[in-house]
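Put chain B on the given structure of chain A with help from the hints.
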Amino acid sequence: DAGVTQSPTHLIKTRGQQVTLRCSPISGHKSVSWYQQVLGQGPQFIFQYYEKEERGRGNFPDRFSARQFPNYSSELNVNALLLGDSALYLCASSWTGGSAEQFFGPGTRLTVL
Amino acid sequence: EDQVTQSPEALRLQEGESSSLNCSYTVSGLRGLFWYRQDPGKGPEFLFTLYSAGEEKEKERLKATLTKKESFLHITAPKPEDSATYLCAVVYSGGGADGLTFGKGTHLIIQP
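Line order of the protein sequences matches chains A and B.
The first sequence begins at 1 in this note's numbering and counts up one residue at a time.
The second sequence begins at 114 in this note's numbering and counts up one residue at a time.
The shape of chain A in the complex, shown without the other chains:
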């Protein structure tokens, strides 16, 4: 069975640009969460979606937005990129969200120049 997939693998952008990252959950999973991980730190929670509704949001500015589609895939958008947005962006899927186990994808490495 396929795990969580993310695209693209790597991305280079310049300050001020916008970026869209994509995630496909494990088949049957209805919840997707997004995390940002900078080097040497644990992942930080950005958003959680369940059945296309936002279930929770971490402490990130409004430049970050996301959505979940009817097939449960998801997109994370970041506007007006800053150098500090450079990080590994991780997507995780679970059956129901909440305290259910979350399974992570390989991540998208974003570099902002």
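In silico DSSO-like pairs for lysine-lysine, Cα to Cα no more than 27 Å straight-line: (1) A:K30 with B:K155; (2) A:K13 with B:K155; (3) B:K182 with B:K170; (4) B:K217 with B:K182; (5) B:K192 with B:K155.
Quick caveat, the hints were computed from the structure, so don't treat them as lab data.
Then chain B, alone, in the frame of chain A:
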């Protein structure tokens, strides 16, 4: 104040030398504690979920335990392939969101 603290930050062991990693948490209303393994440049790999104090889970050379204030990941007779960063995370009530709150991880190196 960090809500999830992992110690030590880094640990170097000889192959076969057993040890334990610690994860302490200060959140109230714990709904679940999770252990992950992460290799460099990759996404975290799920290991265990613990839901209540006294619970224990095992997988190969790893055993996770949970008390009301902390969790331990015991590694028995480790091998070089166990080298990785081990992350602890919690989900708790009152946080306003259902996402995982992670510690900074323990970087484990097993030398042959």
